[in-house]
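Those protein sequence lines, which keep their order, are chains A and B.
Take the first sequence: its letter number 253 is residue 253 in this note's numbering, and every next letter is one higher.
Take the second sequence: its letter number 95 is residue 95 in this note's numbering, and every next letter is one higher.
No lab work stands behind these hints, which were simulated from the structure alone.
Backbone N, C-alpha and C fix where the C-beta goes; we use that ideal spot for every residue, glycine too.
Please note: incorrect hints may appear among the correct ones.
Looking from chain B toward chain A, a few residues come up when the C-beta cut is under 10 Å (computed) [as the list claims (entries may be wrong)]:
#1 E130
#2 K232
#3 S237
#4 R253
Some chain B residues close to chain A (C-beta under 8 Å, calculated; not the full set) [said to hold, decoys possible]:
#5 M231
#6 T235
#7 A245
Take a look at the letters that make up each chain.
Protein chains: 2
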Amino acid sequence: MIDSTANRQIKNLIQLQSRAKARREQGLFVAEGVRMYRETPPDLLEKTYVSESFYEKEQNRGLLKGDVEIVSDRVFAAISDTKTPQGILMLVRQRQAFVEDMLLAEEPLFLIIEDIQDPGNLGTIFRTAEAAGVDGIFLSEGTADIYNPKTVRSTMGAIYRMPFCYLPKLSLVPAMLRKRGVCTYAAHLGGEMEYTRPDYRKGCAFMIGNEGSGLSDELAGQADAYIKISMKGQTESLNAAVAAAILMFEAKRQRELP
Amino acid sequence: MIDSTANRQIKNLIQLQSRAKARREQGLFVAEGVRMYRETPPDLLEKTYVSESFYEKEQNRGLLKGDVEIVSDRVFAAISDTKTPQGILMLVRQRQAFVEDMLLAEEPLFLIIEDIQDPGNLGTIFRTAEAAGVDGIFLSEGTADIYNPKTVRSTMGAIYRMPFCYLPKLSLVPAMLRKRGVCTYAAHLGGEMEYTRPDYRKGCAFMIGNEGSGLSDELAGQADAYIKISMKGQTESLNAAVAAAILMFEAKRQRELP
Chain A
1 MIDSTANRQI KNLIQLQSRA KARREQGLFV AEGVRMYRET PPDLLEKTYV SESFYEKEQN
61 RGLLKGDVEI VSDRVFAAIS DTKTPQGILM LVRQRQAFVE DMLLAEEPLF LIIEDIQDPG
121 NLGTIFRTAE AAGVDGIFLS EGTADIYNPK TVRSTMGAIY RMPFCYLPKL SLVPAMLRKR
181 GVCTYAAHLG GEMEYTRPDY RKGCAFMIGN EGSGLSDELA GQADAYIKIS MKGQTESLNA
241 AVAAAILMFE AKRQRELP
Chain B
1 MIDSTANRQI KNLIQLQSRA KARREQGLFV AEGVRMYRET PPDLLEKTYV SESFYEKEQN
61 RGLLKGDVEI VSDRVFAAIS DTKTPQGILM LVRQRQAFVE DMLLAEEPLF LIIEDIQDPG
121 NLGTIFRTAE AAGVDGIFLS EGTADIYNPK TVRSTMGAIY RMPFCYLPKL SLVPAMLRKR
181 GVCTYAAHLG GEMEYTRPDY RKGCAFMIGN EGSGLSDELA GQADAYIKIS MKGQTESLNA
241 AVAAAILMFE AKRQRELP
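Looking at chain A on its own, in the form it has when it is part of the complex (with noise of 0.2 Å):
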């Protein structure tokens, strides 16, 4: 049992859960929780960890499927991000989809993320997309990082199941779909256009920007077209994890009229 903090596995552990920058190292990040456990892919699971008393109770031996590290109940709380640790966590190997392999889904219905910052919106983006049909999400390299702990926990495993991909120039992306058939719409202040309008049952992608400042004119100048959702009162804006949902909603909803 690992009862020290000093310990090189813990300290490691404890860095990626703060720092972007070691996850982009190592190419590994954590995911807590029994949950996570049941959903992480076994050829991502580098390894567990479960805290003493999560180990002492007989059914939650019987949840383990492999060899886990025990450590202590101290030494787990220093290693969890959350305030009510379950006792369980994962040292998880990071995976990208490609391109080339997302783009070969058939009338496919995209997200492309650019500068989204807040961990809790981009997680909720993921998980609303998959529930929603989504066939993956091209992400800006400004955009918020996926395996930040908060947004993995936000993500409710579709994190696992979601095929994204963080590029360089989004901008390109748009010209790529545009050969495949694929519509962009851009979320857009400026837009003239009622997002119920146009006809989502086709492939088609939509772009979301940065929660303050929305799309950059360069990724917004490369849509098909501009939509907006018009809103009443005062509104200046919508949360971006709710206009992302309200946009995906309305595909699915097209998608399964009779």
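Keeping the supplied structure of chain A fixed, place chain B upon it in accordance with the hints.
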């Protein structure tokens, strides 16, 4: 200028920022930032506090509409709930709507919120509700405090414009609404009717339950119909603010159909 956190006013502001009980007892709350200052109704504004460095800038002084109390930057940092304070915050009087007034709306769109716990979710629901044209929000007493600083912030000013009311017996609301011809829909995992099927152009209300446990049987039992937002993939549920947004904007979409 106030330069001590031992000052009686400052100590009270810190209490109001951190304790729901103090806010409830005093009927006051704290709102922060230039935008909120602009949107605070004058009849609710008790007092405005600005930081020394905020007040030093002439353009900032130009924004001020009345007397302010100046506090040192160090003191301001202590009373602010944000990491990078803008330098202006207000002591504001709480004001709930009267249920009777809320019921006067014609063909209204309402939300009935039961025990939402996450302050950010609650604030986002208010913000989205204003944009969707919601006429009022009924909240259970077990719902998070709308006057929590994080919640106030995430309403983006909707807290001042959206009529709302906390009720000890939320389960009485559906019957009151029914008398006025307003149909209540419970968003429920047990729902069999897809949320896109009902006609929301007449008066209607959506019930949204707790993030983890959903609606109580007591409240859900009062609904006129159960609806579901069907999901793809392995998603088990949507974020509560996202689910509420999808329902509200479906109602808005239908109401704006030509």
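Each hint, compared with the structure:
1. E130: holds, 4 Å
2. K232: holds, 4 Å
3. S237: Result: holds, 8 Å to nearest chain A Cβ.
4. R253: holds, 5 Å
5. M231: Hint on B/M231: holds, closest Cβ of chain A at ~4 Å, below 8 Å.
6. T235: At 4 Å from the nearest chain A Cβ, B/T235 passes the 8 Å test, so the hint holds.
7. A245: holds, 5 Å
Checked against the numbered hints above, the structure violates none of them.
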